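*Asks:* Sequences and hints are given; from them, build the entire structure.
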Amino acid sequence: MSAPRPYSRLERRVQYLKGVGPKRAADLSKLGIQTARDLLYHVPRRHVDATEVTRIGELGVGDEATVIGTVASKGIVPTRSGLRIFQAIVRDRTGMITAAWPGQPYLDRKIRKGDKLLILGKVKFFHGKQLQSRDFTVLERDRRSRFGGPGGPGGRPQGVSFREGESEAAGPDADGTIFVTYPTGKDVPQWILRDAFRANLSILLEWADDDEFLSAAERATLGLPGLSQALRSLHRPSTMDEIEAGRRRLAFDELFFLQIVQARARRETARDRGVRHSRDNSRIKPVFQALPFELTDAQTRVLREISDDMTSPRRMNRLLQGDVGSGKTVVALFAMLIAVESGRQGALMAPTELLAEQHARSLRKLLEPTGIRPTLLTGRLGAPARREALVEIEGGAPVIVGTHALLQESVNFSGLGLVVVDEQHRFGVRQRLSLTRRGGEERPDLLVMSATPIPRSLAMVLYGELDVSVIDELPKGRRPIETRLAKPRDRKEIYRFIDAELEAGRQAYIVYPIVAQSEELDLRAAEDEYERLADTVFEHRKLALLHGQLHSSEKDDIMRDFLAGRTHVLVATTVIEVGIDVANATVMVIEHAERFGLSQLHQLRGRVGRGATRSHCILVAGASNAGAPRGAASRRLDVLVDTQDGFRVAEQDLEIRGEGDLFGSDQHGRRRNFRFADLTRDLDLVEAARSRAGELIARDPDLRAAAHVTLRQVLEARYGEKLELYRTG
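For the record, in the sequence shown the residue sitting at position 677 is 676 according to this note's numbering, with numbers rising by one throughout.
Hints are computed from structural coordinates only; laboratory data are not their basis. Being a predicted model, the structure only gives us computed values, none of them experimental. Ideal Cβ placement from N, Cα and C applies to all residues, glycine included. Warning: the hint list may mix true and false statements.
Claimed, not checked - Restraint ranges, calculated between C-beta atoms of paired labels, are given here: (1) 705 - 52: 46 to 54 Å; (2) 307 - 381: 39 to 47 Å; (3) 57 - 640: 51 to 59 Å; (4) 112 - 655: 44 to 52 Å; (5) 72 - 51: 57 to 65 Å; (6) 704 - 372: 39 to 47 Å; (7) 475 - 342: 34 to 42 Å; (8) 134 - 640: 25 to 33 Å; (9) 275 - 386: 19 to 27 Å; (10) 125 - 611: 48 to 56 Å; (11) 701 - 291: 49 to 57 Å.
*Replies:* Spelled out as structure tokens, the structure:
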């Protein structure tokens, strides 16, 4: 697809806006702001009603408050425990108070004397009243202290003063009613963004009319404001209610654009000529009869859904969701056997060599009654073994297991009928499409598997182009993982417990949120803790360190040693979140558990409990975020103590953290970190967007009607690459 012609004045580069220029544009680009549209859609971090700001002189112990004041002095205060606390004396016309940020000494470099701060926190009593900051924003800075002259960057006078009741934080046209603050970066303070909005918001809102694709009648039916009005309420709101109305319009746009893309994808998939498999049970029956366990009702239901898809002329495009240990692999095997019974090949692609090897071992054992031996292809194979695997695949090997190596051009399938993608969020859309194009005129069926349970509203958004099957129960007799909360002071007891498990011949994981120490994060790091534990606590044991910065071959070697029992304790980061089954590992300790999302913790917990021995997950919650109510982190983590149900955990995680954090950064092959949509309260918008998109694409699949020109242009500008993928995939 050639680059789309700019259709909107919002496509203008930000450097050409009033008061910006090349230097400031370079700074803004670090926030992802390159065009006028990027600036206009830069979502405020917070809106604070000025009537809710408390005068410092009126603060009382126990108050949850928002204050605005100027820094009179500042410094770092050490404590006996070794914790370093940044403190600032903040004052307004009514008094002064000490604001404190425990464990954040780096703020001494970021907050300056004379800064005007907006602080949210709780007032406590410690040598007098103290405001424990939960969050803050630098509203105003005397920039003479930084640049040393009367004029700063762009010729703006320094040390700008504001009238009483007015502040830079009040938005482009400060009126002292609602304070608007924006996400910033190291080189982009608040004042740069406010300058840009103050000088350009009116013209940007005028240009936004170029992007309006909803008619007045459609807006009335949906109960949504116009686009310019919605954006105005984002940056220059008159009331807090107005902000919510604007957010809902912008949320609908996000969801609708995505549903349009997915509706087109569903249409393209429906037009594909699929493989119509036939079943004679010649391979399935002996495997089923030899299973050492009974399939759950959920597995049986899902197999029926998959079988119905594969025996129809329509190409299967299905997501299989199931919690860790729910039995997705055996379902995938039966799906591959349906392809084999039709004289086709089934290929399973895993994200790592170790996981591919694990699948090959599992399938080899299950397939013994049929005489089928899976062919394994990974990048680790030596030249002779690789040549042999390629010959087998080209010769019609019925069941194939591999990694990204299956995508290489040297791999020639002979009648590929089914592609299974495990831990599919580790693969991009292009990679999945690449493998499904290997089936010739008849496109192979696609089954993608995910061990991260996804709430209904999120699945509708993330995977609107896929049919969804859910294994929502675990096999009978599966022992729950004993999960408990612990405090940092409990570490000695935890280490004694681990040592007792090791003495019994078992193994343990200890997980940390970061690899190396950081001045800006007062957290224990994997590298330092590995050295400490290996030299002291577990000096008589074999430890290994595993993190994402290691080469893939190093990671595989470390995991092989752990799998073989040569390593007793694996100190790691979340790189083990998707890993192999180590049946002998019975203890999972997660340090600073409050730093992780619930779904991520649930996935980490799933690394143990793979064998017959009772397993344990210990969540060590460090000091709560500065200013946060004590016990808030523990109450959130109680969800994991109370349930082993990944779907319940996912629902809670979505409610607490939002869809962008449910999987961590950039997972599921697509970032769905919505700027405006909130899937915990916008299900009505999701359903409205999905319904309208489906109807629209059914009537005008290529959006060629005159009424849809603007919509098509918006889609081409924002989703051009993804639309191209769906056209070709």
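*Asks:* Against this structure, judge whether each hint is valid.
*Replies:* Hints, verified against the model:
The hinted window of 46 to 54 Å between residue 705 and residue 52 holds, with their beta carbons roughly 50 Å apart. The hinted range of 39 to 47 Å is satisfied by residue 307 and residue 381, whose Cβ atoms lie roughly 42 Å apart. For residue 57 and residue 640, the hinted distance range of 51 to 59 Å is not satisfied, since their beta carbons lie about 40 Å from each other. Range check, residue 112 to residue 655: Cβ separation about 37 Å, and the 44 to 52 Å hint is violated.
Take residue 72 and residue 51: their Cβ atoms lie about 27 Å apart, and the range 57 to 65 Å is violated. About 56 Å separates the C-beta atoms of residue 704 and residue 372, a value inconsistent with the hinted range of 39 to 47 Å. For residue 475 and residue 342, the hinted distance range of 34 to 42 Å is satisfied, since their beta carbons lie about 36 Å from each other. Between residue 134 and residue 640, the C-beta spacing of about 28 Å keeps the proposed range 25 to 33 Å intact.
Separation of residue 275 from residue 386 is about 34 Å and departs from the stated range, judged on CB atoms against 19 to 27 Å. Taking the beta carbon of each, residue 125 and residue 611 are about 51 Å apart, inside 48 to 56 Å as hinted. Separation of residue 701 from residue 291 is about 53 Å and conforms to the stated range, judged on CB atoms against 49 to 57 Å.
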